[in-house]
Amino acid sequence: MIRIPLPKVFNKKLLFQYLKRSPNEITFHVLSDSIVLKLFPLADRLILCQLDFIGDEFILTFPDTKPSPEEGKAIKEYCISWFDLETDLDAFYHVLEKDPIVKPVIHNHRGLRMVKAPDLFEAISWSIIGQQINLPFAYTCKKALVEKVGKKLLFEGITYYAFPEPDAVLTISDETFRAMKFSSQKVKYIRIAANEIKSGKLRKSELEELSFIDAKARLIELKGIGNWSANYVLMRCLGFKEAFPLEDVGLHNALKFLLKRDSKPSLLEIKELAKKWSGWEAYVTFYLWQSLLKD
DNA sequence: CTCCAGGTCCATA
DNA sequence: TATGGACATGGA
Numbered sequence: 000m001i002r003i004p005l006p007k008v009f010n011k012k013l014l015f016q017y018l019k020r021s022p023n024e025i026t027f028h029v030l031s032d033s034i035v036l037k038l039f040p041l042a043d044r045l046i047l048c049q050l051d052f053i054g055d056e057f058i059l060t061f062p063d064t065k066p067s068p069e070e071g072k073a074i075k076e077y078c079i080s081w082f083d084l085e086t087d088l089d090a091f092y093h094v095l096e097k098d099p100i101v102k103p104v105i106h107n108h109r110g111l112r113m114v115k116a117p118d119l120f121e122a123i124s125w126s127i128i129g130q131q132i133n134l135p136f137a138y139t140c141k142k143a144l145v146e147k148v149g150k151k152l153l154f155e156g157i158t159y160y161a162f163p164e165p166d167a168v169l170t171i172s173d174e175t176f177r178a179m180k181f182s183s184q185k186v187k188y189i190r191i192a193a194n195e196i197k198s199g200k201l202r203k204s205e206l207e208e209l210s211f212i213d214a215k216a217r218l219i220e221l222k223g224i225g226n227w228s229a230n231y232v233l234m235r236c237l238g239f240k241e242a243f244p245l246e247d248v249g250l251h252n253a254l255k256f257l258l259k260r261d262s263k264p265s266l267l268e269i270k271e272l273a274k275k276w277s278g279w280e281a282y283v284t285f286y287l288w289q290s291l292l293k294d
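Each residue of the first sequence is one higher than the one before, starting from 0 at the first, in numbering that gives the first Met the number 0.
Each hint should be verified, as a subset may be incorrect.
[Said to hold, decoys possible] Below, a list of computed lysine to any residue pairs in the SDA-like style, where the Cα atoms sit at most 20 Å apart:
1. K72 - E56
2. K11 - A42
3. K12 - S290
4. K75 - K115
5. K293 - N252
6. K259 - D98
7. K151 - A42
8. K147 - K115
9. K37 - P62
10. K147 - K72
11. K142 - Q130
12. K180 - V148
Keep in mind that the hints were calculated from the coordinates and are not lab data.
Using the sequences plus the hints, can you model the full thing?
This is the structure in structure tokens:
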């Protein structure tokens with residue numbers, strides 16, 4: 000059992016609202032309003048982990064295989080990153096006090112922490128899958144991919160899946176990808192990313208060492224990764240708070256609503272609005288996404 | 001049927 | 001530097 004303290008500013012209800020946003024999410028299972036199950040593919044074995052959010056901490060237990068101390072440490076670190084537990088949200092709220100447009104959303108979602116995708120290949124793949132299609136369809140595509148080549152564990156009648164390694168994705172044929180509704184462009188892009196990561200040319204640890212500008216430039220070198228995808232990965236995987244997926248249609252729709260417009264604001268206009276969010280663009284974007292969810 | 005989805009690349013001017 | 005079309009499919 001591993002115990003992880005939760006920060007003072009933390010909203011469990013909003014976290015679970017986000018976690019439950021798609022019935023087709025397959026890389027973790029929401030069991031109740033305070034329990035999540037996730038399968039971790041560690042060096043040479045799979046470990047199923049149950050996360051119980053209780054009071055001011057959450058507790059990791061392992062219903063199937065017990066992790067070694069090193070494995071436990073890796074899982075703990077993953078979870079701290081997954082729920083972004085180390086960010087000082089008060090600093091964020093202080094900066095956003097100055098923006099009357101977005102402030103109501105920030106206020107309504109107090110304690111919401113960004114849900115991240117700590118695995119680099121998963122984050123990049125998801126950004127590619129999500130390009131230019133609606134979110135439900137994107138989840139359907141991801142589910143097909145993970146069920147096809149993801150690692151899995153059967154426990155008490157339920158199959159748990161982990162997002163596949165680059166190697167596994169590279170075994171998928173064109174025909175199989177087509178059957179999973181991936182466009183040929185996306186197949187090409189995902190294979191490029193898989194090869195970069197597999198070969199060691201692209202590493203999360205190296206990207207984390209770079210400045211925001213350099214990390215973004217490195218990601219955009221990959222075919223299929225444009226400004227939106229690069230910023231998406233910078234915010235959801237690498238934790239850059241200034242990352243800003245300007246072209247994001249969810250962001251546009253949320254702003255359209257907040258501004259009470261009948262059409263979406265222009266990119267130029269959004270850039271102007273975002274000047275008030277300096278340093279916290281990623282968090283504002285995440286809160287605006289959340290504001291689009293229905294209860 | 002048409003338009004839009006958590007975009008990106010490439011050709012053209 | 002800016003704009004238009006292709007890409008694939010699903011849902012409103």
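Quick rundown of the hints versus the structure:
1. K72 - E56: This hinted pair holds, its Cα atoms lying about 17 Å apart.
2. K11 - A42: 31 Å, violated
3. K12 - S290: Within the cut-off at roughly 14 Å; holds.
4. K75 - K115: With a Cα-Cα distance of about 14 Å, the restraint between K75 and K115 holds, given a limit of 20 Å.
5. K293 - N252: Status holds; Cα separation ~14 Å.
6. K259 - D98: Holds: K259 and D98 sit about 16 Å apart, inside 20 Å.
7. K151 - A42: 14 Å, holds
8. K147 - K115: 23 Å, violated
9. K37 - P62: 11 Å, holds
10. K147 - K72: 29 Å, violated
11. K142 - Q130: At roughly 16 Å apart (the allowed maximum being 20 Å), Q130 and K142 satisfy the hint.
12. K180 - V148: 15 Å, holds
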